[in-house]
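Asker: Next come the chains, spelled out residue by residue.
Number of protein chains: 2
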Amino acid sequence: MGRPREFDTDKALDRAMGVFWVKGYEGASLQDLLKAMKIARGSLYKAFKDKHSIYLAALDRYDHTIVQGAVDTLRDEAIGDGLARIRALFEAAQAAVARADRRGCFMCNAAIDQAPINPKIRAKVGSMMKRLEGAFASAVEASRKTASWSAKRRVETARLLLNSYMGVRVLARSGYPADDLVSVINASLRNCGLEGPRSA
Amino acid sequence: MGRPREFDTDKALDRAMGVFWVKGYEGASLQDLLKAMKIARGSLYKAFKDKHSIYLAALDRYDHTIVQGAVDTLRDEAIGDGLARIRALFEAAQAAVARADRRGCFMCNAAIDQAPINPKIRAKVGSMMKRLEGAFASAVEASRKTASWSAKRRVETARLLLNSYMGVRVLARSGYPADDLVSVINASLRNCGLEGPRSA
DNA sequence: TGAGATATTGACCGTACGGTCTAGAACGCT
DNA sequence: AGCGTTCTAGACCGTACGGTCAATATCTCA
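As you go down the protein sequences, you meet chains A and B in turn. Count along the first sequence from 1, then add 166; that gives the number in this note's numbering. Count along the second sequence from 1, then add 166; that gives the number in this note's numbering.
A portion of the hints provided could be inaccurate.
Chain copies aren't distinguished; within one or between two, either way the pair holds.
As the list claims (entries may be wrong) - With a Cα cut of at most 20 Å, we get these calculated SDA-like pairs of lysine to any residue:
#, residue 1, residue 2
1, LYS217, SER195
2, LYS286, ALA344
3, LYS217, GLY193
4, LYS204, ASP174
5, LYS290, PRO343
6, LYS311, ARG356
7, LYS290, ASP216
8, LYS212, ARG171
9, LYS296, VAL233
10, LYS318, PRO343
11, LYS290, ASP346
12, LYS189, LYS217
13, LYS296, ASN352
14, LYS286, PRO343
15, LYS177, ILE232
16, LYS296, GLY341
Hints in this document: simulated from the structure, not taken from any laboratory.
Please construct the entire structure, taking both the sequences and the accompanying hints into account.
Answerer: Here it is as structure tokens:
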């Protein structure tokens with residue numbers, strides 16, 4: 167019924183996500199968003215409620231694409247054992263920095279920028295983080311080394327890895343030297359307890 | 167020579183810092199700042215150049231007070247060996263969350279919020295991080311366990327700890343459950359290599 | 001083909017933003 | 001006391017912000 171929408175909502179949301187990702191909520195003006203989304207003002211307000219709703223929808227889109235991609239990586243048996251999957255995730259973060267992509271992680275950015283002042287976003291970020299933590303836990307369990315571990319230790323290791331991952335994405339965005347970031351990642355992987363004994 | 171300033175610049179800066187810390191750069195309006203700083207518009211623009219300058223000055227103030235406090239903790243031999251000092255720092259972060267202080271760390275917030283778009287702030291944040299990293303390195307060296315370590319491993323451990331610390335402050339701000347944050351901290355301290363062998 | 005429904009467009013709106021400026025007040029110096 | 005200097009107060013300014021709306025276009029269905 168009625169005139170069909172001329173633009174693809176998901177594509178527009180991808181573009182809005184890109185703007186919010188780089189500029190944050192307050193830093194992204196309506197004009198920025200409209201230009202990136204390539205739609206007119208009225209269309210935007212027809213399709214979404216207001217700026218907050220666009221942000222939330224963009225975060226949701228990030229969840230279903232990027233975060234889900236990370237979750238899939240951590241659960242992908244084809245990549246290898248748990249450590250290999252975790253390494254793949256960290257190396258993807260490193261690769262982004264190597265190609266001068268310093269946007270960091272939109273979820274982490276939202277955690278600092280909007281979560282404290284917007285309950286809906288706080289809830290959304292919280293659930294995304296817990297899902298990622300769960301995926302880390304799956305990877306932790308997919309390792310010969312953890313067979314003898316207590317459930318508690320496995321959970322704690324998953325949380326440790328989530329925490330390290332967040333740190334890496336924040337450092338990346340802050341402009342931390344790329345080379346030094348490599349050593350952060352190496353140390354994180356070496357110290358999470360999933361490797362064999364170290365040499366020195 | 168002229169009428170003396172009626173307010174204390176550092177006190178006003180402390181208050182501005184509080185606003186930026188909670189709300190971020192764009193989220194803090196001039197009105198917010200003036201109300202918190204308890205000075206008139208004209209006085210603010212006489213004492214500082216513009217909003218950017220206030221932010222930078224507030225970040226500087228954060229550096230000289232809070233960050234320096236963390237650095238001092240990590241170098242304070244009275245607290246104990248390196249691990250004890252590092253634990254003290256993480257427990258302070260945990261204590262903040264316990265008393266419902268979810269502001270996180272202003273330096274970390276600035277890293278995400280302003281560092282990517284403002285070169286001066288990026289440089290400032292970078293130098294603060296490197297100073298904190300150096301302090302972590304001092305603490306790492308102040309441990310019997312690290313005597314046999316290579317210089318490289320010590321540096322990497324310092325970076326690992328800086329990274330974990332950043333993660334903790336971000337998770338704290340995002341609303342991550344307080345109890346779960348405890349286990350993140352425990353795992354970070356247990357896995358940084360400064361403890362004796364684990365039980366399981 | 002006409003009625004109803006929905007989308008597009010961009011002009012338009014009120015407001016709150018960051019920043020300036022003018023009076024007047026409070027000092028040091030001679 | 002008079003002068004130069006600096007600070008305070010807050011009215012004022014232009015602008016850009018997020019959001020609305022009326023006119024028009026494009027669809028479905030009877």
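Asker: Each of the hints needs a verdict: does it hold here or not?
Answerer: Cross-check of the supplied hints:
For a Cα distance limit of 20 Å, the shortest separation of LYS217 from SER195 qualifies both inside one copy, at 9 Å, and across copies, at 18 Å. For a Cα distance limit of 20 Å, the shortest separation of LYS286 from ALA344 across copies, 19 Å, qualifies, whereas the shortest one inside one copy, 34 Å, does not. In the homo-oligomer, the alpha carbons of LYS217 and GLY193 lie at most 20 Å apart both inside one protomer (12 Å) and across protomers (14 Å), since each shortest distance falls under that limit. Proximity of LYS204 to ASP174 under the C-alpha cut-off of 20 Å is restricted to the intra-copy arrangement: shortest distance 11 Å within a copy versus 49 Å between copies.
When the C-alpha separation of LYS290 and PRO343 is checked against a cutoff of 20 Å, the pair qualifies only between copies, where the shortest distance is 14 Å, while the shortest distance within a copy is 31 Å. Both within a single protomer and between protomers do LYS311 and ARG356 lie at most 20 Å apart by alpha-carbon distance, with minima of 13 Å and 17 Å respectively. In this assembly of identical chains, the alpha carbons of LYS290 and ASP216 lie at most 20 Å apart only when taken from the same copy (18 Å versus 35 Å across copies). When the C-alpha separation of LYS212 and ARG171 is checked against a cutoff of 20 Å, the pair qualifies only within one copy, where the shortest distance is 10 Å, while the shortest distance between copies is 52 Å.
For the homomeric pair LYS296 and VAL233, the shortest alpha-carbon distance inside one copy (11 Å) is at most 20 Å, but the shortest distance between copies (30 Å) is not. In this homomeric assembly, LYS318 and PRO343 come within 20 Å of each other (Cα to Cα) only across copies, at 16 Å, whereas the closest approach inside a single copy is 35 Å. For the identical chains of this complex, LYS290 and ASP346 are inter-copy neighbours only, at 17 Å across copies versus 32 Å inside a copy, given an alpha-carbon limit of 20 Å. Proximity of LYS189 and LYS217 under a CA criterion of 20 Å is satisfied in both settings, with 14 Å inside one chain copy and 18 Å between copies.
In this assembly of identical chains, the alpha carbons of LYS296 and ASN352 lie at most 20 Å apart only when taken from different copies (18 Å versus 24 Å within one copy). In this homomeric assembly, LYS286 and PRO343 come within 20 Å of each other (Cα to Cα) only across copies, at 16 Å, whereas the closest approach inside a single copy is 34 Å. For the identical chains of this complex, LYS177 and ILE232 are intra-copy neighbours only, at 14 Å inside a copy versus 43 Å across copies, given an alpha-carbon limit of 20 Å. Taking the shortest alpha-carbon separations for LYS296 and GLY341, only the inter-copy value of 12 Å comes in at or below 20 Å, while the best intra-copy value is 27 Å.
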